[in-house]
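Based on the provided sequences and hints, a complete structural model is requested.
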Amino acid sequence: MSSLVRPRMSSRGRRLLCKVAATLLPLASQAQAPLPVVQPVHRGYAATRDVTLRIYVPAGRVRVVVWSRDSVDVSGTIGANASAFGGGSRTHVKLGVESLTQEDSTMPRADLVVSVPRAARIWIKTIDGDIDVRDTAGELEAYAVRGRIAVHDVRGVTVLESIDAPVSVERAAGDLRVRGGKGDVSLDAVQGTVSVATISGAVTLTRFNADGRIETIGGSVTFRSGVLAGMQLDVQTHAGAINLSVPAARAPALDLATRAAPVVFPTLAQSPANGRIVARSFKGRIVVAAR
Amino acid sequence: MTHNDAPRTAACAAFDATLVDYLAGRLTERAAERIEAHAAECVRCECVLELATRVPDADFAPPLPDVVRTSVLAAVYAQPRSAATTAVGTLTPSWRWPIAGGALLAAAATLVLIARAPETREPRGDSARASITTPPEPRYGGNAAMESAARLASDRARSEFESLDAAAREIEGALQASPGDAELRVYLSAVRARRSELAQRVSEATS
Numbered sequence: 576m577s578s579l580v581r582p583r584m585s586s587r588g589r590r591l592l593c594k595v596a597a598t599l600l601p602l603a604s605q606a607q608a609p610l611p612v613v614q615p616v617h618r619g620y621a622a623t624r625d626v627t628l629r630i631y632v633p634a635g636r637v638r639v640v641v642w643s644r645d646s647v648d649v650s651g652t653i654g655a656n657a658s659a660f661g662g663g664s665r666t667h668v669k670l671g672v673e674s675l676t677q678e679d680s681t682m683p684r685a686d687l688v689v690s691v692p693r694a695a696r697i698w699i700k701t702i703d704g705d706i707d708v709r710d711t712a713g714e715l716e717a718y719a720v721r722g723r724i725a726v727h728d729v730r731g732v733t734v735l736e737s738i739d740a741p742v743s744v745e746r747a748a749g750d751l752r753v754r755g756g757k758g759d760v761s762l763d764a765v766q767g768t769v770s771v772a773t774i775s776g777a778v779t780l781t782r783f784n785a786d787g788r789i790e791t792i793g794g795s796v797t798f799r800s801g802v803l804a805g806m807q808l809d810v811q812t813h814a815g816a817i818n819l820s821v822p823a824a825r826a827p828a829l830d831l832a833t834r835a836a837p838v839v840f841p842t843l844a845q846s847p848a849n850g851r852i853v854a855r856s857f858k859g860r861i862v863v864a865a866r
Numbered sequence: 214m215t216h217n218d219a220p221r222t223a224a225c226a227a228f229d230a231t232l233v234d235y236l237a238g239r240l241t242e243r244a245a246e247r248i249e250a251h252a253a254e255c256v257r258c259e260c261v262l263e264l265a266t267r268v269p270d271a272d273f274a275p276p277l278p279d280v281v282r283t284s285v286l287a288a289v290y291a292q293p294r295s296a297a298t299t300a301v302g303t304l305t306p307s308w309r310w311p312i313a314g315g316a317l318l319a320a321a322a323t324l325v326l327i328a329r330a331p332e333t334r335e336p337r338g339d340s341a342r343a344s345i346t347t348p349p350e351p352r353y354g355g356n357a358a359m360e361s362a363a364r365l366a367s368d369r370a371r372s373e374f375e376s377l378d379a380a381a382r383e384i385e386g387a388l389q390a391s392p393g394d395a396e397l398r399v400y401l402s403a404v405r406a407r408r409s410e411l412a413q414r415v416s417e418a419t420s
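Chains as they are written, first to last, in the working numbering: chain H, 576 to 866; chain V, 214 to 420.
If you're looking for bench data, these hints aren't it; they were derived computationally from the structure. Check each hint, because a few of them may be wrong.
[Stated by the list, open to error] 25 Å max Cα-Cα, derived DMTMM-like pairs, lysine to aspartate or glutamate:
hint, chain 1, residue 1, chain 2, residue 2
1, H, K669, H, D710
2, H, K669, H, D705
3, H, K669, H, D679
4, H, K669, H, D645
5, H, K858, V, E396
6, H, K858, H, D759
7, H, K669, H, E714
8, H, K858, H, D809
9, H, K669, H, D728
10, H, K858, V, E383
11, H, K669, H, D625
12, H, K669, H, E716
13, H, K858, V, E375
14, H, K669, H, D648
15, H, K858, V, E417
16, H, K858, V, D378
17, H, K858, H, D830
18, H, K858, V, E385
19, H, K669, V, D394
20, H, K669, H, D707
21, H, K669, V, E396
22, H, K858, V, D394
23, H, K669, H, D686
Pasting the structure below:
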């Protein structure tokens, strides 16, 4: 027999080949189809008016808004590498996105708008994402490594922490605590009690009307405007400059000291009735300007 | 006389037929005892068994630490008498040490495997033992995205840690010059507090 004659495949081998082909061909066609870049997501959860809500979105953006319904609504898009999760009870809801596979080193991404009852207690964590929260009146905790944290018109207890993300707060009342690293912190129209600490991030206070303590290591602290009547602002830096702009007519009592830099301040009619600012720096300069 | 020169009896044939099962541990206790009893009486089969159970020198691991070796030997000797008799007691002295050595080697191999295998169980309270046998556990159970997140947090915080450490060094230098300066201690405690907070934020970034 010639060696060119091909051996005949047995009927069993043919059946096996057919099964393998039937299994692999659809997979191959799927592999060729491009994956969607984003997928829409829309979910709802029944909730109490003070529901405790935990949101975890490693990358992307989370926007929290309030509405007058006893439920939590989530809408937006999630990345092709992510899957949405969520659930819980009426009093505790947890939602977010996670990786499709354990091996995928890309952080799961989403862009979500979460509507919550006004008194909800909210906890948000991102790694490389933006957080934007508006109009809440319960408790708010937000954590980010990189990205941005922006909070507007919030009341109650607010805790914001970041490593590299800038933090901005506009119109907050209650107890505000900010812990930052490299990112700048901007507080505007804040009332109540405030505690801010950064490492190299600068801190800017405008329309400030709170008892507060501001600490930085290398970041500067700037007090641009505010009314401190009956209140005290403590500022401490290691190397960051402290810039205070106080009203010439209603200057608060100033207690300023730095160990290795000048203190520059004009002659002012200071009065404890206008509040008190205590500023200390290891080697940062302190400059007071009248406005 | 070598084992090839020794006469082969019916008992030797039975020995040969069951040796593989014996070495694999598939025999019942009674059958294993029969094998060992025959090997203790038959020079040929003794040699066969010795060759079959001899461990090449190259397979020996480096010497175990004394504390491990002592505890393993103690465990071997502390076996119930019946079990010890089954394994060793009925053998001639020339068999006892190879089998005891085999047991020691098996125990050592088990320890090595435990020490090298990824530990996925929770420690059971014996922290001293766990610290010896448990390697650092992967923090995120192989979740690559969480590993990336942890790396990002650590990378972004690195320069801040450096700033904090530099600030602490400056203040400590000033404190050496004036150790009684309370204000310097306030500055130093603030720097340390910031460092502690940052370390906590980094560690909790992916929790």
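Can you name, in rising order, the numbers of the hints this structure does not satisfy?
Numbers 15, 19, 21, in rising order.
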